[in-house]
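> If you read the protein sequences in the order shown, they are chains A and B.
Heads up: the first sequence runs through residues 1 to 458, numbered per the working numbering.
Heads up: the second sequence runs through residues 459 to 916, numbered per the working numbering.
Everything labelled a hint here was simulated from the structure, so no lab data went into it.
Take the hints with a grain of salt, since some may be wrong.
[To be verified] Calculated lysine-lysine pairs in the BS3-like style (CA-CA distance at most 30 Å, straight line): (1) B:Lys790 with B:Lys830; (2) A:Lys372 with A:Lys394; (3) B:Lys852 with B:Lys790; (4) B:Lys790 with A:Lys36; (5) B:Lys863 with A:Lys372; (6) A:Lys405 with A:Lys332; (7) A:Lys394 with A:Lys405; (8) B:Lys852 with A:Lys36; (9) B:Lys852 with B:Lys830; (10) B:Lys863 with B:Lys852; (11) A:Lys394 with A:Lys332; (12) A:Lys372 with A:Lys332; (13) B:Lys863 with B:Lys830; (14) B:Lys863 with B:Lys790; (15) B:Lys494 with A:Lys332; (16) A:Lys405 with A:Lys372; (17) A:Lys394 with B:Lys494; (18) B:Lys494 with A:Lys36.
Number of protein chains: 2
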Amino acid sequence: MAYFDAASAAPLHPVAQQALQASLSEGWADPARLYKEGRRARLLLDAAREAAAEAVGCRPDELSFTSSGTRAVHTGIAGALAGRRRAGRHLIVSAVEHSSVLHSAEAHEAEGGTVTQVPVDRAGRVAAASFGQALRPDTALACLQSANHEVGTEQPVAEVAEVCRAAGVPLLVDAAQSLGWGPVDGDWSLLAASAHKWGGPSGAGLLVVRKGVRFAVRGPVDERESGRAAGFENIPAIVAAAASLRAVRAEAAAEAVRLRELTERIRARVPRLVPDVEVVGDPVHRLPGIVTFSCLYVDGETLLHELDREGFSVSSGSSCTSSTLTPSHVLKAMGVLSEGNVRVSLPPGTAEEDVERFLAVLPGAVAGVREKLGAPAPRTAARTEELLLDALGKRCPIPVIELAKVIGDVPVGGTVRVLSDDEAARLDIPAWCAMREQEYVGEEPAETGTAYVVRRIS
Amino acid sequence: MAYFDAASAAPLHPVAQQALQASLSEGWADPARLYKEGRRARLLLDAAREAAAEAVGCRPDELSFTSSGTRAVHTGIAGALAGRRRAGRHLIVSAVEHSSVLHSAEAHEAEGGTVTQVPVDRAGRVAAASFGQALRPDTALACLQSANHEVGTEQPVAEVAEVCRAAGVPLLVDAAQSLGWGPVDGDWSLLAASAHKWGGPSGAGLLVVRKGVRFAVRGPVDERESGRAAGFENIPAIVAAAASLRAVRAEAAAEAVRLRELTERIRARVPRLVPDVEVVGDPVHRLPGIVTFSCLYVDGETLLHELDREGFSVSSGSSCTSSTLTPSHVLKAMGVLSEGNVRVSLPPGTAEEDVERFLAVLPGAVAGVREKLGAPAPRTAARTEELLLDALGKRCPIPVIELAKVIGDVPVGGTVRVLSDDEAARLDIPAWCAMREQEYVGEEPAETGTAYVVRRIS
Chain A
1 MAYFDAASAA
11 PLHPVAQQAL
21 QASLSEGWAD
31 PARLYKEGRR
41 ARLLLDAARE
51 AAAEAVGCRP
61 DELSFTSSGT
71 RAVHTGIAGA
81 LAGRRRAGRH
91 LIVSAVEHSS
101 VLHSAEAHEA
111 EGGTVTQVPV
121 DRAGRVAAAS
131 FGQALRPDTA
141 LACLQSANHE
151 VGTEQPVAEV
161 AEVCRAAGVP
171 LLVDAAQSLG
181 WGPVDGDWSL
191 LAASAHKWGG
201 PSGAGLLVVR
211 KGVRFAVRGP
221 VDERESGRAA
231 GFENIPAIVA
241 AAASLRAVRA
251 EAAAEAVRLR
261 ELTERIRARV
271 PRLVPDVEVV
281 GDPVHRLPGI
291 VTFSCLYVDG
301 ETLLHELDRE
311 GFSVSSGSSC
321 TSSTLTPSHV
331 LKAMGVLSEG
341 NVRVSLPPGT
351 AEEDVERFLA
361 VLPGAVAGVR
371 EKLGAPAPRT
381 AARTEELLLD
391 ALGKRCPIPV
401 IELAKVIGDV
411 PVGGTVRVLS
421 DDEAARLDIP
431 AWCAMREQEY
441 VGEEPAETGT
451 AYVVRRIS
Chain B
459 MAYFDAASAA
469 PLHPVAQQAL
479 QASLSEGWAD
489 PARLYKEGRR
499 ARLLLDAARE
509 AAAEAVGCRP
519 DELSFTSSGT
529 RAVHTGIAGA
539 LAGRRRAGRH
549 LIVSAVEHSS
559 VLHSAEAHEA
569 EGGTVTQVPV
579 DRAGRVAAAS
589 FGQALRPDTA
599 LACLQSANHE
609 VGTEQPVAEV
619 AEVCRAAGVP
629 LLVDAAQSLG
639 WGPVDGDWSL
649 LAASAHKWGG
659 PSGAGLLVVR
669 KGVRFAVRGP
679 VDERESGRAA
689 GFENIPAIVA
699 AAASLRAVRA
709 EAAAEAVRLR
719 ELTERIRARV
729 PRLVPDVEVV
739 GDPVHRLPGI
749 VTFSCLYVDG
759 ETLLHELDRE
769 GFSVSSGSSC
779 TSSTLTPSHV
789 LKAMGVLSEG
799 NVRVSLPPGT
809 AEEDVERFLA
819 VLPGAVAGVR
829 EKLGAPAPRT
839 AARTEELLLD
849 ALGKRCPIPV
859 IELAKVIGDV
869 PVGGTVRVLS
879 DDEAARLDIP
889 AWCAMREQEY
899 VGEEPAETGT
909 AYVVRRIS
């Protein structure tokens with residue numbers, strides 16, 4: 001068995017396990033109390049705060065422990081927006097932020113605020129200049145992740161922070177994916193992170209608000225954690241979170257080199273082993289452990305099941321995956337193929353042989369799914385100049401598979417009109433054209449669904 | 459050492475410790491994922507939900523796990539108010555609710571809502587009729603604790619639920635103090651509780667919203683826990699919470715009898731062992747493990763330190779305790795003495811000899827504090843008809859101590875005017891009069907502070 005979904009949650013680091021164990025018997029009491037058990041709990045909490053602040057690179061009194069990374073993001077964004085209410089109600093986020101940031105932005109819009117999404121390039125990276133262009137006199141806050149959770153692309157946080165700082169706008173950094181690897185560079189104002197991404201336990205996140213940043217807590221008052229995290233402190237989880245952050249940091253430099261080599265191997269070899277694959281995400285500015293690729297003519301959920309059966313736990317941003325029918329907003333914003341998407345995120349300590357076994361198993365798994373779905377056979381002779389492909393009611397990846405089957409039926413220069421009511425087609429048909437070197441002419445509204453027009457040029 | 463502050467946090471139950479341990483290695487993955495580790499986490503989460511729902515007496519799909527009891531209360535009140543927005547914006551709470559409820563009420567008022575506080579009797583108990591009187595056509599929600607956290611008084615939840623139900627108003631019950639002892643009776647609509655009060659771990663609470671209750675989640679959308687608890691589920695804590703709830707329930711009937719006998723012993727003997735003590739809270743409708751009393755002429759914080767030195771961890775609702783300078787709102791609402799307040803809350807398993815040792819140590823501890831503070835010596839002959847006592851700048855319990863010292867200096871029928879700027883005096887001087895059988899004439903604004911007028915009648 002190999003667990004390759006560290007970007008979602010990492011197994012508990014041995015140090016976290018020990019720390020949790022030890023503090024369960026020492027840290028259960030109320031740290032606000034004056035008696036022995038309370039004082040002991042307070043000491044543990046204070047020590048954890050010191051350790052976490054050192055790892056983040058902030059003052060201990062700037063750091064609050066929250067019950068999760070999501071909660072840290074929600075509280076951080078709401079508090080910074082409320083604190084800067086006088087400046088205005090404009091919020092800037094990148095288009096590839098974590099859902100906790102985008103959902104906060106939606107909530108802000110629902111309350112009458114305005115939001116600008118900064119686009120990313122095909123590698124999933126924002127440009128600092130785009131953030132600069134999005135800034136307005138009424139901008140209250142800007143948000144940027146340190147690195148993307150689906151494709152591993154690192155963002156130019158320090159540059160963006162500088163642009164924001166020059167405009168007097170605070171920058172909130174969602175550092176969930178990167179904090180285990182090192183502190184976030186640059187002059188950011190707020191930072192959120194989640195312990196279970198670095199091998200800490202569930203139930204602990206952190207929110208840093210730099211001194212001098214205007215911040216107004218929303219909702220009911222609570223005196224704990226500077227009023228920024230309501231409810232009884234989960235001290236055992238906090239202690240374990242801080243201990244494991246120190247532990248993974250101590251191993252980070254060496255482990256980053258090792259994992260980067262392993263993901264580089266996947267990046268290089270998957271396109272050679274599997275036909276019709278696109279590796280996505282920035283090849284240079286990227287996290288050590290994440291590699292993401294999309295396979296044409298493949299249903300992500302079926303592929304995940306195949307890989308699970310072979311003993312590999314991976315994740316997918318495909319539209320066909322799990323509870324959701326819309327493709328990952330990240331892949332969409334990047335304009336890359338979303339079908340048959342696989343994210344491999346290696347936890348520290350991943351064995352080389354597991355990666356090799358994954359590379360050995362993947363081609364067969366993809367081929368099996370393609371066969372089941374009836375992926376395109378060799379082309380037949382062309383006949384008509386324009387062909388209408390009715391893919392209404394068919395879900396990703398069927399429309400693209402059918403397009404691939406019939407494109408050979410029109411002569412070079414001829415067109416195929418794909419009728420589809422699947423939202424994923426809007427993304428996947430242009431992406432297929434780019435990969436297959438066919439021309440994507442554009443979309444037109446149809447009586448039912450949308451017509452996507454493709455011209456055969458090869 | 460004896461820990462007598464279970465109402466604040468209980469030490470981890472051995473079953474919780476085992477469950478936590480076991481689920482740390484099984485329940486760390488994302489339960490929304492399709493692979494093996496995710497499915498395993500999902501199974502643990504589902505089983506915990508079933509077990510907790512059975513203990514509460516609700517359907518599993520009515521129960522969400524939150525990160526704390528405070529969070530459950532905040533989310534429950536905000537969601538119920540938002541869901542009933544069309545009915546109106548009036549909220550009813552009892553005057554002795556937990557701060558999480560009262561802070562939610564303040565936040566609601568700050569947003570333009572209205573709040574009615576239902577008073578309690580001297581035992582800290584509401585009358586169902588008072589709730590009935592508070593109901594208005596625009597009442598959106600009513601909140602009542604199942605039992606009070608400071609004095610242990612049980613509330614008539616079933617009766618109040620019936621009154622609310624008849625008016626079509628949902629009742630939210632804060633069951634934090636009682637859920638370990640048994641399910642909450644009556645036809646309530648929402649319920650909140652906290653695992654670390656029943657020997658579960660920190661980091662887990664629960665919110666129940668009955669089917670058919672209008673509920674609108676506020677803040678950013680999050681798909682986990684029916685949208686009612688944002689952030690990655692803390693499955694090990696949830697599993698441990700459910701397991702320990704079952705475990706304490708299995709022991710509850712026998713342990714309730716045993717603890718009730720021990721607290722009854724304290725209730726009966728403290729007034730005999732220590733002069734000038736008032737035992738507060740309902741003598742009949744009360745939780746098994748909580749007993750609270752207040753000691754005249756005693757500073758709560760100093761007494762807590764004395765008891766801590768003797769090896770007893772207890773809590774205090776006195777104005778002189780810890781970070782806060784205002785006396786407990788609970789004692790204030792009850793109209794009882796707040797100075798020298800001590801709450802003893804016994805965790806299940808408390809040894810009889812620890813209680814006996816507490817009763818042996820208490821009289822000396824109280825006497826020691828009184829001596830340090832210079833509590834009243836025998837009375838001297840009366841001289842003037844009216845005496846002015848300047849206690850400005852002096853903090854609880856000094857004003858009352860000085861009052862007690864000089865009351866004998868005026869003849870029967872004469873008055874003492876106590877000048878004080880200490881907020882606690884407003885509560886403690888009338889309470890002292892009631893205990894000492896002197897007449898409390900009333901208060902008058904003074905140039906600085908307030909003049910409290912007391913007539914000597916004995």
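> Does the structure keep lysine 394 of chain A and lysine 405 of chain A at a Cα separation of 30 Å or less?
Holds - the C-alpha atoms of lysine 405 of chain A and lysine 394 of chain A are around 15 Å apart, at most 30 Å.
> Hey, lysine 790 of chain B versus lysine 830 of chain B, does the alpha-carbon distance stay inside 30 Å?
The given pair, whose Cα atoms are some 26 Å apart, holds under the 30 Å limit.
> When you check the alpha-carbon spacing of lysine 405 of chain A and lysine 332 of chain A, does it fall within 30 Å?
It holds: about 24 Å lies between the C-alpha atoms, which stays within 30 Å.
> Compare the distance between the alpha carbons of lysine 394 of chain A and lysine 332 of chain A with 30 Å, and conclude whether the hinted pair is satisfied.
Cα-Cα ~20 Å, so holds.
> Given the hint that lysine 863 of chain B pairs with lysine 790 of chain B, does the C-alpha gap stay at or below 30 Å?
Holds - the C-alpha atoms of lysine 790 of chain B and lysine 863 of chain B are around 24 Å apart, at most 30 Å.
> Regarding the pair lysine 790 of chain B and lysine 36 of chain A, is the alpha-carbon distance no greater than 30 Å?
Holds - the C-alpha atoms of lysine 36 of chain A and lysine 790 of chain B are around 28 Å apart, at most 30 Å.
> Does the alpha-carbon distance linking lysine 494 of chain B and lysine 332 of chain A stay inside the 30 Å limit?
holds, 28 Å
> Below or equal to 30 Å on CA atoms is what counts here, so check lysine 863 of chain B against lysine 852 of chain B.
holds, 15 Å
> Given the proposed pairing of lysine 852 of chain B with lysine 36 of chain A, does the C-alpha separation stay at or below 30 Å?
Judged against 30 Å, a Cα distance of about 29 Å means the pair holds.
> Below or equal to 30 Å on CA atoms is what counts here, so check lysine 405 of chain A against lysine 372 of chain A.
Holds. Lysine 405 of chain A to lysine 372 of chain A sits at ~15 Å (cutoff 30 Å).
> Straight-line Cα separation of lysine 852 of chain B and lysine 830 of chain B no greater than 30 Å?
holds, 15 Å
> Would you check the hint for lysine 863 of chain B and lysine 372 of chain A, treating anything up to 30 Å between C-alpha atoms as holding?
violated, 94 Å
In summary, the numbered hints that this structure violates are 5 and 18.
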